[in-house]
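Position chains P and W against the provided structure of chain D, taking the given hints into account.
Read off the chains here:
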Amino acid sequence: MTDAATNMRLKLPIVCFILQIILIILFGVLVQYDHDTDAKLWHKGNHSSDYENDFYYRYPSFQDVHVMIFIGFGFLMTFLQRYGFSSVGFNFLIAAFSLQWATLMQGFVHGLHGGKIHIGVENMINADFCTGSVLISFGAVLGKTSPVQLLVMAIFEVTLFAVNEFVLLSVLGAKDAGGSMTIHTFGAYFGLMVTRVLYRPNLNKSKHRNGSVYHSDLFAMIGTIYLWMFWPSFNSAITAHGDDQHRTAMNTYYSLAACTLSTYGMSALTAHDGKLDMVHIQNAALAGGVAAGTAGEMMLTPYGSMIVGFLAGIISVLGFKYLSPILEKKLKIQDTCGVHNLHGMPGVLGAIVGAITAAVATADVYGGGMKDVFPDVASGEIGASFQGAMQAASLAVTLGMALLGGLIVGFILKLPVFGAPSDSICYEDNIYWEVPGEEGHEDQLTAVHTEEAEKLN
Amino acid sequence: MTDAATNMRLKLPIVCFILQIILIILFGVLVQYDHDTDAKLWHKGNHSSDYENDFYYRYPSFQDVHVMIFIGFGFLMTFLQRYGFSSVGFNFLIAAFSLQWATLMQGFVHGLHGGKIHIGVENMINADFCTGSVLISFGAVLGKTSPVQLLVMAIFEVTLFAVNEFVLLSVLGAKDAGGSMTIHTFGAYFGLMVTRVLYRPNLNKSKHRNGSVYHSDLFAMIGTIYLWMFWPSFNSAITAHGDDQHRTAMNTYYSLAACTLSTYGMSALTAHDGKLDMVHIQNAALAGGVAAGTAGEMMLTPYGSMIVGFLAGIISVLGFKYLSPILEKKLKIQDTCGVHNLHGMPGVLGAIVGAITAAVATADVYGGGMKDVFPDVASGEIGASFQGAMQAASLAVTLGMALLGGLIVGFILKLPVFGAPSDSICYEDNIYWEVPGEEGHEDQLTAVHTEEAEKLN
Amino acid sequence: MTDAATNMRLKLPIVCFILQIILIILFGVLVQYDHDTDAKLWHKGNHSSDYENDFYYRYPSFQDVHVMIFIGFGFLMTFLQRYGFSSVGFNFLIAAFSLQWATLMQGFVHGLHGGKIHIGVENMINADFCTGSVLISFGAVLGKTSPVQLLVMAIFEVTLFAVNEFVLLSVLGAKDAGGSMTIHTFGAYFGLMVTRVLYRPNLNKSKHRNGSVYHSDLFAMIGTIYLWMFWPSFNSAITAHGDDQHRTAMNTYYSLAACTLSTYGMSALTAHDGKLDMVHIQNAALAGGVAAGTAGEMMLTPYGSMIVGFLAGIISVLGFKYLSPILEKKLKIQDTCGVHNLHGMPGVLGAIVGAITAAVATADVYGGGMKDVFPDVASGEIGASFQGAMQAASLAVTLGMALLGGLIVGFILKLPVFGAPSDSICYEDNIYWEVPGEEGHEDQLTAVHTEEAEKLN
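Chains as they are written, first to last, in the numbering used here: chain D, 1 to 457; chain P, 1 to 457; chain W, 1 to 457.
So here's chain D without its partners, still in its complex pose (with noise of 0.2 Å):
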């Protein structure tokens, strides 16, 4: 009745105690609360006021982007008709996962207190923004690995984003607070090369089940609208206090509201019939979030910030309708949700758009606020060029890291331990997951799905 395969009964047990305990006892030996979470430390000297506790400065914001990576992620991959507990309910395990392992190696590579991870709220935001990053390489591999598989994606990935990060923000002292490099474009890139390596060449066996349904397309447009309207919060909630916070959620407002009308005037214009594409809605109006990444804490202008999101999301369109076959025919890249058009292309905008806006930084615009946006302008220490610069190399290493990291996962992923499925049960929950029936026809259904599995066996 099951292919024993993809029988989860131990490997999953396995590795989700053996992981979870693993970083149990790094946590006991390794992470400390923080000056703003400790009782004793913040209790000791004078501060003026329990308003300056950092809690305050980024809670909210902490809690819109939890809603993205655990509402706005999950919900987006329901589209799939027979894969919404898979979309969910994985996203939910590796992300669970992905944070707790994302504190401590963000931690070690962002420096050590005497030997120990100090953490509070804006690590919380770090691990969630980290989390975002495997989310996104799940997208490309959806529906196609079992939650082992995911699991060792996300130890190996989240590693090499905080690598990655490190690299970009502390050795090369670029700017990218929303991500649009460490995030979407890591993620995209990785996850891209990690379903090129695992092609599969028999995947048409599960095309009857790689398609959305009328309620799975609702189901998903709540991942959607999510993702947008928090996207906001997403960019700003790790810039410095003050008017960058604020100025970048505004630029991300404006560059989401004029990609959303590029979106559906691309869908339409290219569609079957003149009639609007779920795909294109879904994903492409999410892309000026993603290109306003790195540059919505900059001086960008509010129009400046819709020029982005409008070519952004006509970009992301042009992807899904042209790009996306074609890398699936020619260069054999199966992405399920489309990721190189959402997160890949609007990634490397938003990070070109970065390193022009950051490029272009004049102490007349910036005033006494460049110190927040770029200290090392500020200071004297390198030119507004330089930063471009370096702007750019940042997406060369970013693309470097993500591919190759991609690669050498993706080889480790087709070890035959990990219980994938076989090419003509991708796309569906009952491998993974006992499902119900459908109200109303619960026995015909059920009936269906036993005789499937039962001539897989």
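Keep in mind that a hint or two might mislead.
Since the list gives no way to pick out one identical chain from another, each pair is judged satisfied if it fits inside one copy or across any two copies.
Simulated crosslink set (DSSO-like; lysine-lysine; CA at most 30 Å straight-line) [claimed, not checked]:
(1) K44 - K371
(2) K321 - K11
(3) K371 - K116
(4) K205 - K330
(5) K414 - K329
(6) K414 - K371
What the hints contain is simulated information worked out from the structure, not anything from laboratory work.
Below, chains P and W without anything else, positioned relative to chain D:
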């Protein structure tokens, strides 16, 4: 297979691109960061702390309002069985346009600074508020209009909204923080007049689709509950800092709770066999938020708020049960979502409550807080009763503007170029969207829809 | 066509109107704005900034809690195939009543100010907390009770909740910010005793509806994920400002993440063929939030929080798998949602963890922050071990109160006047709601339901 008249292949892209390009140009010429979002301005001079940035006072409220606009309104309208894509999708499109256009229109009428519109988080909230008004009107014409018609409606409605809001708040000196008048009354009566002008005598040809199914009602409840939960944030989003925001949120909280009980009571009392009617629960339970929109920031007292909510729920259910059928038969007003019952009558109730509460305001009750709530009364310029009279005058102005505006815009929308659906294919996603089938019977359903569509050609 | 016994035409309106009118009268007589919400009081004297208003410290947390109460609990219970309207709808009704009634009951026991209850945002949070407890009990009796029964249950449960909370926090001096005891343990055991008293020997007649379908499980996941995401806000909502709120949120974040991994591991280990069981994921993954409810604000350390969450997930899955069937067969406890596994046992675990963590508290660890977490210990009035003992005593008191209260209220609810459904029509929306058909087979389904209903008459 598709009706040429409703084909959006050229119409929608042209409208989307032209509008967005105009918006970008106007933003480029006219819009600048305000003091709290500009890097240079914020860091000029001496402010004591980044915390004084308006971002921290307003942004959490903004995000709640944002959720109401995109999830709340969008999903509330998914109750129709075959119009979920359009409900969420067109809501998304016209909101994304309206918030940009509203930024400009509200900026114009509320005063330029050296020829420029200065924007920050409060402008984002006000833009979302104006958008809410357009979405209320959308509810009245839901299922009977093309996306191009909706965008054209939004162009005019946003403009008139800004004018009406300016007359109320700046000329008449009225208070209306939660928009009982500016948002709800205006949006409802504007939309009702539009749908009156667009009257379709043969709409019963689409009657079989003008209703809910089990799951569509559950999706709609997502919208209802989000609107209900975040209404305290909506009403308090732009009130004065401190006690005003606090009090407004609390008044709205209790008003909504009381409204919910009277809605359930009235629904069981009036509906068939004592069974609850989802239409009432989805809509009337929200009337308490609408009705607390004007007086919510005043010293309405908690029990006063509860009385207002209690009455609003009763009026709203009675409207759905008895008034809506009359409006349709006698006045030829086909109000798909019943916005007259949720926004129209409760909005008028809220305006009246606001006028009375203002008229009885005394220094004894408001103390030093009078200057925040009624600045003109606090300065001695006018008396409380005059304030009350101005509130009442504001209601009259709003009704006049809305009805006149709706009349003119209704006739504009009648122009045959906008791609409205014919009477027999209203409330149908298939006209404007690529619609997938239903799980388990895809082929069958697709066949039916194809057949239907073919019959129309 | 409809069973006279379950007809709500008069019962529900009478109860709703009488309760709401009593609430309005009592609010009118007893309730006033507090210092932070009253226009006069807030502007009296000199406070340095509007930012010190408690609104800005608490309101974002309140809104997260509010989402948990209305979306979280409401949608979590939509897993039943034919009870979605009732799950969300009755949740909505009894929550709207309970939060008003709780404001009064909590105001009474926590002390009047000159004969008046003074309210602000903290009261709103506490009212929502008390409501949460009622909704937990609702989970135990889900599908087997009329809305009138639920309102009657809420009247008594809210009252007893307030008394128990007063005894714990004010008499025994216990700490329980996230309510492991006051909310979860109390709500669970109260509800379990009620459902025991309401035992239905012939409930298997409704067995075919006591389960999920594919889409109902996805709706339920909306509830699960929202509860999971916002639990850090729940546990930290009423802790002291500054490091306390910050630390509590972070502890809960890591507890939940660890709980999720152990839940997935245990689910695959115990469920059929190694497949994951949605019931476990929807519920047990939340146990980490419950179990961190008492100790979350203490210096539990991140890895301590993770251990707690890890154990909670294991216990909860084991409860669903092995204990629930025994409770039903041997103890005749029909616990629809398995609240014993999600709230009962994890609540007790949380109470024990809290007692131990309190007992080992030292000035060395807490420093100046001791006065926020354990004021009586900080003042030297009691020792830490005595605090621990009081925590343990609080658990015993809570269990006693809940079981005794549930016993009495259960017998009250057995009175035949409240319109409970008969054994063969449990878990069925059609009894209390006008239910539309399903798309594509409306007539067929309606026919079936009519037939069923007619057979009952």
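Each hint tested on the structure:
no.	hint	verdict
1	K44 - K371	both (29 Å within a copy, 13 Å between copies)
2	K321 - K11	between (39 Å within a copy, 20 Å between copies)
3	K371 - K116	both (29 Å within a copy, 27 Å between copies)
4	K205 - K330	within (19 Å within a copy, 49 Å between copies)
5	K414 - K329	within (21 Å within a copy, 47 Å between copies)
6	K414 - K371	neither (47 Å within a copy, 56 Å between copies)
Of the numbered hints given earlier, the model fails hint 6 alone.
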